[in-house]
Structure formats: C-alpha cells, structure tokens
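Go by the hints and put chain L with the ligands onto chain S.
If you read the sequences in order, they're chains S and L.
Sequential numbering from 1 applies to the first sequence in my numbering.
Sequential numbering from 1 applies to the second sequence in my numbering.
Hints in this document: simulated from the structure, not taken from any laboratory.
Mimicking PhoX-like on lysine-lysine, the simulated pairs with C-alpha atoms at most 25 Å apart in a straight line are: (1) Lys86(S) / Lys57(L); (2) Lys176(L) / Lys74(L); (3) Lys107(L) / Lys13(S); (4) Lys176(L) / Lys221(L); (5) Lys13(S) / Lys131(L).
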Amino acid sequence: MTTIYVLWLRQLKRYIRSKPRIIASLGQPLLYLLGFGFGFGPVFQKAGQGNYIQFLAPGMIGMTILFTSIFSGIELMFDRQFGFLKEMLVAPQPRLLLMIGRTLGGATTAILQGILVIVICIIAGFRPLSISALPIAFAFMVLVAVLFTALGTAIACTLTDMQGFQMVMNFLVMPIFFLSGALFPLTGVPAAMALLANIDPLSYGVDGIRGAMIGVSHFGMLLDFIVLGIMAMVFLAIGARQFSRIEA
Amino acid sequence: MIRVEHLTKTFGEIQAVRDVSFEVGMGEIFAFLGPNGAGKTTTIKMLTTLLRPTSGKVEIDGLDPAHQQNEVRKRFGIVFQDPSLDDELTAAENLDLHGALYHVPRKLRVERTESLLKLFELWDRRNDPVKQFSGGMRRRLEIARGLLHTPKIIFLDEPTLGLDPQTRNQLWAQVKKLNEEERVTVFLTTHYMDEADRVAHRIAVIDHGAIVAQGTPAELKQQTNSETLEQAFLALTGSSIRDEGAEANRDLRNMAKMWRGRR
Ligand SMILES: Nc1ncnc2c1ncn2[C@@H]1O[C@H](COP(=O)(O)OP(=O)(O)OP(=O)(O)O)[C@@H](O)[C@H]1O
Ligand SMILES: [Mg+2]
Chain S
1 MTTIYVLWLR QLKRYIRSKP RIIASLGQPL LYLLGFGFGF GPVFQKAGQG
51 NYIQFLAPGM IGMTILFTSI FSGIELMFDR QFGFLKEMLV APQPRLLLMI
101 GRTLGGATTA ILQGILVIVI CIIAGFRPLS ISALPIAFAF MVLVAVLFTA
151 LGTAIACTLT DMQGFQMVMN FLVMPIFFLS GALFPLTGVP AAMALLANID
201 PLSYGVDGIR GAMIGVSHFG MLLDFIVLGI MAMVFLAIGA RQFSRIEA
Chain L
1 MIRVEHLTKT FGEIQAVRDV SFEVGMGEIF AFLGPNGAGK TTTIKMLTTL
51 LRPTSGKVEI DGLDPAHQQN EVRKRFGIVF QDPSLDDELT AAENLDLHGA
101 LYHVPRKLRV ERTESLLKLF ELWDRRNDPV KQFSGGMRRR LEIARGLLHT
151 PKIIFLDEPT LGLDPQTRNQ LWAQVKKLNE EERVTVFLTT HYMDEADRVA
201 HRIAVIDHGA IVAQGTPAEL KQQTNSETLE QAFLALTGSS IRDEGAEANR
251 DLRNMAKMWR GRR
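Just chain S, with the same shape it has in the complex (with noise of 0.2 Å):
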C-alpha cells in the first residue's frame, strides 16, 4: 500500500506544481467549447438535435481525461529520459505495485482536470441533467481515466524518443478522440465510421458521461459501463507486462 501511496503522490505533486500545463491544457477545451459550442450551435439546433453545448460537453471533458491521461502514462518516457525511471526499477518492490502506483496517479491527475473542464463548461452555459447524475458520471470518468493511463504506460514502456510521442499523438491519440462522438452523435454515421467508433474505447466514456449528464445515450449506459471495465483491466494487464520488461 505504501508504495502504491507514495508514487501516487509523486504524480500528483508533479501534476500540481506544473501550472503551465494545467493551465494550457484547459484552453483546448476552451476553445472547442467557444469555438465548435458557439459556432455549430445553431446548425446543430436546426438539425432537431437540441441544445450543442450540452452535447458538447461531456465530449471535452471525456476528451480532455483522453489526453491528460495518455500523456501522465507517457511520462514515463521522461521518467527514463531523466533518470528517475531506475531508481523505481531497483528498488525492492514488485514492478506490479510500481506500475499501479503511478497509475492510479496519473488517473487521479486526469480526473482532476475533468473537474475542471466540468466547472468550464457549467461556466459556459452547460447544465447536468441533476446533481444526482454526478457521481454516475464520475465513475465513467475514473474508468476512462485509468484505461487510458495504462494504454499511455504501455506506450511509453517501448518508446524511447519524442519523435515516437509525435507518432502516437498524431496516428493514435487523434483518431481516439475524433472518432469517439465527442464532437458529433454517432448515430447516422457511415458504417465504416461506425464501425471504428464502436472499437474506440473513448466512445464508450463520452457516452457513458453523456448518459449521465443529459440522459442521451448511444450504446446504452450499461453496455458502456461493460466494455469500459473489460477494456480497463486488459490494459492495466497490458502495462504491467510491459512495464515489467523493462531493462535499465
């Protein structure tokens, strides 16, 4: 426990101190939320498909989780970059309570950020169905969170330069999040998009979020809530293989 504790704390310290980052990445929302709210809003609107903001919204926050957290697993190539990444692997603990550790705080730093855009978005205009929706919709986050950490971690496990970061950003990250109904319903969709968007994992987050917050939901909060934790826990296995076999 101790070890999961203190390495979930050095994430979060890391992620406090940074308020740069924090800061930055607050403004991509930002300007989704002004440029695409605004500026679809009313096509949207004539569309009959209500009110963009409020479909919008749990879209930025489930993109917003999507990056913060893909990026903290990703860190660990800076962990090995800079060094601290052997001090972890010589010290006498299991490589599983290690890699758990940091995850759990990276999940945590993500989830802080959806906090964020949450209260943005209220700022914005958006309104929740009800308080009592919140709590569903954490748990989806927490879920999106800690998958996505992991698939970071096991990314960052076989990727040694920045050159590689850019590669996964722009042929992984990217399409993760365009394809997942963040930005647009799915439903009418061409089949092969659909198809992509049902294999996307973030699809299920967004919907799972939207379910919670404004009561529409695509695949249906259950099934969400299904193929989240499956996909979850193969990932969290994934990078703890991975992160197992690293050599100094």
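Same frame as chain S, but now just chain L with the ligands:
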C-alpha cells in the same frame, strides 16, 4: 560479499563483459577501473539486478541477483553514473520517496533524511526542487539517497563526476568513514586514479570487457614498475583512446532504439 565468476554479457555483436571473475570481501573498498566503454557500468548493472548476465555466476551476500531480485535490492544502495533524481520534487521529497520504496519506517526515514542532508550540506536547501540544484548538489543528493536505507553494500559509479576538488575530498572522506564505522562494503568506479589510490583497498582493472590486473594499489604499481597508479593504469591499458568503438556502438544502439520506437 560480492562474488563474480566467469561473468559475460553480450549485446548483439558486442561483448561488453567477457569472462570476468573477482571477489569483494565484507567491509572492503573495491575500485573497478577501466577506460571508457570497458564494461564497468554493464558489470554494475548485472550486480544490481538491472541486467541479466549472458552467462556466468553472481552472488551478492550469498544471493543471486537474477533470481532473488528483491532480496538483493534491499542489501545495496547505488549511485548511478547518470542522474536519476526526480527534478520536480524537493531534496527532502526525493529522500523520503526513496525511504518509502525501501521499507524504511517513517520515523527513521525522517531522522536519516535529516542527518544525511546535514552530512552532505544540503539541509538548508531541503525544500527546494532539485531542478534548482547545481550539478554538484545533485550528485551529493544522489549519494545521500543511496545511503538512506543503510545498505550493506554501496555501488558508486563515478560518484565524483563533475564535482569540484573540495567536494570530492569530502565525499571520499565520508565514504571511508562509513566504511570504517559501519563496515559498509564499497564498490566504486572512477576515472580519477589518485582517488582510487587513496581510498581503495583493492583494485581491478578492466579493459575491453576483460580484467587485466587485480590487487592492492601498491601491488599494481609494483607489477608495472610505476610511481603512480595513473602510470600503472596506462601501462596496463595502453594510452590510445578507447572510446571510438564504444561511441560508434552507442550511436548504432540509439538508432536501433529509435527505429524500434517508431514501429
Ligand atoms: N544496452 C546496451 N546495448 C548495447 N551495447 C551496450 C549497452 N550498454 C553498454 N553497451 C556497450 O558495452 C560496452 C561497455 O559499456 P559500459 O557502459 O559498461 O562502459 P563503462 O566501462 O561504464 O564506460 P564509461 O567509463 O564510459 O562509463 C560499450 O561498448 C557500450 O557501448
Ligand atoms: Mg560507465
């Protein structure tokens, strides 16, 4: 305390360590000397559970680092050749995290942190993030960290790299004191021959992955008819620069890593 028999490590084509054997007794200060790329760090990595030997036998305090990893890890402290601190954390936080990872009870952790930071003259800066530290301060902090859990053995891979003469002297004085008072076994590498001459009880010289001489500083000087250990070292390892091959290998290695990363 440390027993190594016919230890070999190959990275693809490169034989980084070949058929190395030596023993380090309990309470001994043992210096492992060799030109750049000789295989010192690779040997240390195998002794400290970070790399698996290609072949050969290693025993640390009677245990096998390849199989009883955590038991072995509890017994040693290490100062890596390259930095390994968390820059965002403060000096005290780095030590505390280390203590927690090494199962040091909280109260003892606090006490040891204080005494070590004072010993290495970092106490006043304990709440500053490491990123604000100079190179010498970082190095001192790494050494303090390696000692926090009162290890039986300490591995020092070029601990005085980048330190000024004052700090170097002070550091070796502390290492000697620790060795005498707490019977800590010391395994060190350095490129400063005078330091090795002064602190080491015994020395092994390694070149191109193989041991070329072993003995006390006096014995090595005698063997080579040299006045100083530096002359003895040059006599044993020649005076040509060894790094070229090693550097080329390192470049290749980095390139391979990059390609692996891309896929
Ligand atoms: N992970 C690796 N993959 C491939 N080759 C390696 C690896 N690590 C070390 N080598 C090679 O093994 C040889 C020994 O390297 P090592 O780092 O042990 O030298 P060293 O004696 O510590 O040198 P220095 O004094 O420069 O620190 C070098 O040729 C190096 O390029
Ligand atoms: Mg070295």
